[in-house]
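A.B. asks: Residues per chain are reported as follows:
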Amino acid sequence: MKQELNIATTSASSTTTFSLAAWVRWFFSLENRYLAPMFITCILAAAQLSFGVLESYSRTLLAILTALGTELVLGRLFWGQWPNLASGYVSGISVGILVRAPAMWPYALCSMLSITSKYVLRLKGRHLWNPSNFGICVLLILAPEAVSSLGIQWGNYLPPMIIVWILGSLIIWQAKRFHICATYVISFFLFAYIRTWITGHPLLAEVAPITGPMYQLFIFFMITDPKTTVQTKWGQCVVVFLVALVEMLLRLNESVYAPLYALFLVGPAANLLEIWWHARQSGVAELLQPEIRGLEVRPE
Amino acid sequence: MKRRILGLMLCTFFVALIATPLVIKHVSKRHESIGAVPLHETVTARYGFHFQEVAKAAGMHFTHQAPTFDPQLDHIMSEVASMGAAVSIVDFDRDGLLDIYVTNSGEGSHNRLYRNLGNGTFQDVAVDMGVADVNQAGTGVSMGAVWGDYDNDGYEDLFLYKWGRPELFHNDHGRRFERVTEQAGLPSWMNANTAIWLDYDRDGRLDLFIGGYYTEDLNLWKLTTTKIMPDSFEYAQNGGRKYMLRNRGDGTFEDVTEQLGIKSRRWALAATAADLRGTGYPDLFIANDYGVSELYFNEDGARFREVGKQTGVGFAPKSGMNAAVGDILNQGRFAIYVTNISEKGILLQGNNLWMPEAGTTGENLRYENLAREMGVELGGWSFGAQFGDLNNDGYLDLYLTNGFLSADRDRSYWYDFSKVAGGNSTIIADAKHWPPLDGRSLSGYQQKHVWINDGAGQFFDVAQAVGVTDTYDGRAVALADFWNRGVLDVVVVNQKGPLLLYKNTVTPDNKWIAFELEGSVSNRSAIGTQVRLFWNGQEQVQEVSGGSGFGAQNQRRLHFGLGKQPHIEKVVIRWPSGKEQTLTEPQIGHIHRLKEPV
Numbered sequence: 001m002k003q004e005l006n007i008a009t010t011s012a013s014s015t016t017t018f019s020l021a022a023w024v025r026w027f028f029s030l031e032n033r034y035l036a037p038m039f040i041t042c043i044l045a046a047a048q049l050s051f052g053v054l055e056s057y058s059r060t061l062l063a064i065l066t067a068l069g070t071e072l073v074l075g076r077l078f079w080g081q082w083p084n085l086a087s088g089y090v091s092g093i094s095v096g097i098l099v100r101a102p103a104m105w106p107y108a109l110c111s112m113l114s115i116t117s118k119y120v121l122r123l124k125g126r127h128l129w130n131p132s133n134f135g136i137c138v139l140l141i142l143a144p145e146a147v148s149s150l151g152i153q154w155g156n157y158l159p160p161m162i163i164v165w166i167l168g169s170l171i172i173w174q175a176k177r178f179h180i181c182a183t184y185v186i187s188f189f190l191f192a193y194i195r196t197w198i199t200g201h202p203l204l205a206e207v208a209p210i211t212g213p214m215y216q217l218f219i220f221f222m223i224t225d226p227k228t229t230v231q232t233k234w235g236q237c238v239v240v241f242l243v244a245l246v247e248m249l250l251r252l253n254e255s256v257y258a259p260l261y262a263l264f265l266v267g268p269a270a271n272l273l274e275i276w277w278h279a280r281q282s283g284v285a286e287l288l289q290p291e292i293r294g295l296e297v298r299p300e
Numbered sequence: 001m002k003r004r005i006l007g008l009m010l011c012t013f014f015v016a017l018i019a020t021p022l023v024i025k026h027v028s029k030r031h032e033s034i035g036a037v038p039l040h041e042t043v044t045a046r047y048g049f050h051f052q053e054v055a056k057a058a059g060m061h062f063t064h065q066a067p068t069f070d071p072q073l074d075h076i077m078s079e080v081a082s083m084g085a086a087v088s089i090v091d092f093d094r095d096g097l098l099d100i101y102v103t104n105s106g107e108g109s110h111n112r113l114y115r116n117l118g119n120g121t122f123q124d125v126a127v128d129m130g131v132a133d134v135n136q137a138g139t140g141v142s143m144g145a146v147w148g149d150y151d152n153d154g155y156e157d158l159f160l161y162k163w164g165r166p167e168l169f170h171n172d173h174g175r176r177f178e179r180v181t182e183q184a185g186l187p188s189w190m191n192a193n194t195a196i197w198l199d200y201d202r203d204g205r206l207d208l209f210i211g212g213y214y215t216e217d218l219n220l221w222k223l224t225t226t227k228i229m230p231d232s233f234e235y236a237q238n239g240g241r242k243y244m245l246r247n248r249g250d251g252t253f254e255d256v257t258e259q260l261g262i263k264s265r266r267w268a269l270a271a272t273a274a275d276l277r278g279t280g281y282p283d284l285f286i287a288n289d290y291g292v293s294e295l296y297f298n299e300d301g302a303r304f305r306e307v308g309k310q311t312g313v314g315f316a317p318k319s320g321m322n323a324a325v326g327d328i329l330n331q332g333r334f335a336i337y338v339t340n341i342s343e344k345g346i347l348l349q350g351n352n353l354w355m356p357e358a359g360t361t362g363e364n365l366r367y368e369n370l371a372r373e374m375g376v377e378l379g380g381w382s383f384g385a386q387f388g389d390l391n392n393d394g395y396l397d398l399y400l401t402n403g404f405l406s407a408d409r410d411r412s413y414w415y416d417f418s419k420v421a422g423g424n425s426t427i428i429a430d431a432k433h434w435p436p437l438d439g440r441s442l443s444g445y446q447q448k449h450v451w452i453n454d455g456a457g458q459f460f461d462v463a464q465a466v467g468v469t470d471t472y473d474g475r476a477v478a479l480a481d482f483w484n485r486g487v488l489d490v491v492v493v494n495q496k497g498p499l500l501l502y503k504n505t506v507t508p509d510n511k512w513i514a515f516e517l518e519g520s521v522s523n524r525s526a527i528g529t530q531v532r533l534f535w536n537g538q539e540q541v542q543e544v545s546g547g548s549g550f551g552a553q554n555q556r557r558l559h560f561g562l563g564k565q566p567h568i569e570k571v572v573i574r575w576p577s578g579k580e581q582t583l584t585e586p587q588i589g590h591i592h593r594l595k596e597p598v
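As you go down the protein sequences, you meet chains A and B in turn.
Position 228 of the first sequence, counting from 1, maps to 228 under our numbering, and the rest follow consecutively.
Position 156 of the second sequence, counting from 1, maps to 156 under our numbering, and the rest follow consecutively.
Think of the hints as simulated: they come from the structure by calculation, not from any bench.
Label pairs and their computed distance ranges (CB to CB):
1) B:Asp128 with A:Pro159: 55 to 63 Å
2) B:Glu357 with A:Gly235: 53 to 61 Å
3) B:Asp438 with A:His278: 43 to 51 Å
4) A:Pro226 with B:Thr12: 25 to 33 Å
5) A:His278 with B:Thr12: 25 to 33 Å
6) B:Asp74 with A:Pro144: 28 to 36 Å
7) B:Thr426 with A:Trp173: 24 to 32 Å
8) A:Ser282 with B:Glu373: 50 to 58 Å
To spell it out: a stretch of chain B is covered by chain A in this simulated footprint if at least three of its residues, at any positions, have a beta carbon under 8 Å from a beta carbon of chain A; those stretches are:
9) 4-16
10) 422-428
For each residue, glycine too, the CB sits at the ideal point set by N, CA and C.
Pulled out of the complex, with its shape left as it was, chain B reads as follows (with noise of 0.2 Å):
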């Protein structure tokens, strides 16, 4: 008898167990994406924003080209040549309005600089600039491109990275740009998805990292090999090399990377420098697909230190593609987000958010993934991802776009990627080993997701209602205020799909405060500035980048939200050069534009 109620009860206890993962499923429904809410006014009440997509309303139509690469890629092409797309803000005429710069990955296509008219609308200048026809077969084609205003001169130049040969371009007064290429003593040809300007050793003069993907002597057109890709999925380092370019000062760089300790091969998608420690330089953090992240120390800008597993972000592999950091806490320190794979039933990697564990500052900083605690974890095939206050509480959201490849909607290329990425090295390096696609989707038409940050830790994913409904191929997003109405825009750029502009509008009952800053002994771009804005009892740091998630960079403006019925005791602006400048009591709703005193 005794053992039938203890059979009995076992059954029970196993059907409990096998019941568990759908009360689970039933019980964390409350995190996934809500609803579509069709009243922008309710919407805005409810979550303090919405989106509407103003894009061709402001006369952009651009669609992004993918390039044709040699025939022997034909079964996989799209896979391939699936990047491209990618974004960036500049004020590259000194107007006062953000203009926007798009790449285009089409042998032949044009890029877009479209510049800001101020009336709601943008104007592409490309053509007139001379930045637009950098595609020209032979040369390569566009990844992604970076602004800094390398030679001090108050204009912002341009550095455009490719699958191919990189190219900069110097600012003539915002009236044209010439090509200082070669005086510039550039890598001939390299195959980079990610480049940030960073002034590494602080002497006032922007320095360039860029990073390789493919290995550098591979010209995707004219193979001589279809061994060209990785060799493992997760623990690659057949990728291309790294360049740190040190500015001389006179036009010219100086390739440092060996001697700064900057050795690795990993496939790199995405960059990001700031001062994570405190210590004035700015840290080096690298998102690799097929690997780890790498995190490097900035050893006073004479040496780079990898201190990858020793801080915790190195130690799991997954599909590294964004690099974004924000104090999303208030803490006056910096997380950082790497977005990654994730396929229902498939391949979980999950993103990471790398929170600086309670306690580690400095050479013993160590962060932990909270991703899933904190509810940004589960993104798709995520791609590009940034940081910024979107409805102006006070508290750093974070949007993301995502979809790897769209096709035919029923047949899914995942099992054949699959069977083949987790296969021997000498299988998975050879394309031809590649099942071919077939006009396959994998992971495409995902939706979106931006996520609220209610400041207490958790994010909540309300892409759907404020009006994030698209489900291109996503690749690079940036923050920027395009009207300078103290709110931040969106701008996504999509694989092979449409430039996406998000114009936001916020509630009035959230304030704001932006600054837009000029160095003068400090590099003029005031990039590694640090803004530390202390109100109504909390503390945000934000740092001007040069270049932050996938193929993007934000406005350099630092654009704070601050909530309902703020009161700022101060804000301390931390230069480059060393220098700091506190303002006491600032005006609120107002954009500040500050020079580095001398």
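Next up, chain A with everything else stripped away, as it sits in the complex (with noise of 0.2 Å):
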């Protein structure tokens, strides 16, 4: 009796460490669509709390509500059903982070441009754009008189830097997309090198973008977001590489906020591209047709 207790126990106890095990993985993969919304989340606080890094809470605050408020209006008029709020809530606090303008009206037009996006900019089901990238990189081109981006308004120092990067690559690997990253940063300590060969300029000066804040958000949150990204894990890492050599040649333009603006172009033509390419693979002949019907397919 006492054996079979014994038993019965070890093999709770399997099962509870299975399920556990099983639970930790799903919470650091893709299928957890709360993990970059807690990821995110977890990165404002902080920041906020050592830096003051928001231009107010109300702003950020006003970026998320008008993000998730579009998202419901939108997808409960076109797919019927209330949708999942965790792709909002990224884009809503990847625009209330990253816009910098002292006016209210930015936050709240950038965040309704970026989840507009995601249901007008679609092809074959996919939308093509990051949605914040897009939302940021239209107010950046339209109205540069009231809005700029997060570039220099964060703390300088290293030890923030590194929980972020430990934290977002522990959690971008468990999402196998740590190579993204990976391919992006090494691109761009090369173009960095390429920069200052052209332009005589410290090494050290045209790395220093990639130690700001900005870029952490862009390393971790758009150029790795799914939805956006092509679906092979070489093309994947071609994309990002030409992201960075899109961004080098920006720079040498001297563009500001070149990663967002590379990523705008480059992004988008990927995405096309391979859709255009598994459409000829399936024989399919209906190509880049404006897709009012691609409504009814659900966003993911």
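If you follow the hints, you should be able to join the two separate chains into one complex; please do so.
C.D. replies: Put into structure tokens, the structure is as follows:
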């Protein structure tokens, strides 16, 4: 009897261990749609508590609430059911952190643009641009007198960056997307060296941007966005290499927001190419049709 | 079909969103600068005043010279040596006419003391008076100067702050100045960009606050390291120390900074003091570059308590370069104006107009930034700004100068600047990592702003229309009535540029009154005295200041515009000693010279 009890206990323990391990695996996987929102919230909280990084609580809250509201309305209208808000939350909080504007309206507008772009700029059931990258770039281009982006408004100190790098890398590794970040970072350093060679500026000056806050959000959230990256692993590496290459060209042209614009240009082009390739492979002839029909496909 | 309609609606909505910034830009154009209007008469009729630049005609041929530091900074010399043009107003010889002291910053260059001859011209008497040759090699160079009668002998003395050895000059009855630096016990070396006179403990003697920018152990001409830059663009705390020097009354000063609770090492660029809470004691506001502003509540002259976050002014870090106070809505309360950096599409910090929140007073005082709502937010790379009623309509207006580095018009340093400024502290803090300027501009050739106050919560920029058309790299602004005409003229000094004197012409329909005060129990300069003017159902408070703006000091005389057909009910003067004096129905259009009753 005692032996039976022991066996039963062991068995239950194994089940518990197994369940916990499975849960951890699930937690750090792409299946967990709340991983990115939790991670970015942690970063924001840490940054705000240590540096007071936000322009104001009200502006960030406005960006988040507008993103969630827009997602709810559009999701309900076009898919007939309430959408999962994880993606909208990440867009909203990204806007809240990355947009720098004295006025309130850019935060609301940028969030609405970001979310709406997911529903309009679609092809074959996929949206083409990373939503917040689209919203921010459009505002930077159309309203430079009213909007800038986070670049120098976060602490320039190493400890918080190290924490972000470690946490970010762990999560991205578990999510099997670390190769994207690694390729981008390696490419950035390579191109930084080339820029030094071309401009004659100190290497550390060229490397400096990647040690700043904007890049951490860019690396961990924008270029790894599963919905707007190509599907194959090697393809993803090639795309971020190209992002870094275009960024270098923009930097040589003294574009302050070079990484955002590079992703804005390269990301959708790569997605289009992949969609076209898949369509060609499957023999589908309806290429590059403006897809109001695509609205019938639910966003993932 | 329904989906198609929904899709079309969505696309329309999306296009509308994209068009929104363009619509907002179009609508907001009404706040932008009002263009030049050729006829002075028309301008005066429309806005109540116009300016005419008369510096050279008045005999002031001053052009500021910048210093040249250690060759290790050659590649960014213009950026590092970008300050030092400062101006302060004084009647040093007590002839009833306001004079102008201007600092220079080239090694070996002379500062100027322009004596007002009263006939429309000025004469430089700095050499004769012994306050010219203050930038000798090895002693540092001038960054600014403030005037205050520290020994209460009736003549304003001169404190000169420098990147180098600060100096104190005693005014010998307006005949000449005697250097008393060593006897006074001042710091032997510091890299200061702001100083103000104030009587923080109300003992009747003027004390001195000095704000360090670079750390005080740094000699910019003999660098032992290139790690001299801020270690963060907005959170730097590796700047110079602050000094609160208590006047012992025997010609010496005592360092009471730590004792009073001031320990900041932020990069101070401007400071001003005013009684913000009605306690009778002056509170201290510091605008810091590379960080948040600091507000110190003065606790009965025994201690200063930093309340930046508590009051709301120390929340968002920016690049504070100016601190000026003014009762802009005639509410009997001071707003604080802090200037920052705004560059289209790159960095939009926006200037701060800190208005006291309704219903908050005393210990619970809180401020909200209404710069945007009131139209004084975007001023380029802003430096000095001052409040003053430029058209005598009864509301304080705002004059702002700006522009950082004007060099090659077609090439900007902004990209390289932002590239490094966002990097890790080890990169940004070391000057050798900064890309060379190579003759590029950084927010150069900017248009100035003269914002007139409509009294209903809106300011409108009329700079171009009223004749302020210069685009030099402006630094300090000071307001004064140089010819006792009952109007505020404006002096502007520019980095590596000329001194400008904008002579003001105001419509005679708008009336004025002014008060020139002299303490007896209180400090003789009357710094800290508040005057409350009650007229036409309104109340405006002004306070005699020992330094405000950026590198500047206005006239000590308090000037009130009154508008048309004013009726003054009373004027209440509260001296630093606590004595109150009330004047009923004082004469309008007159400078009232008042001495504190014993």
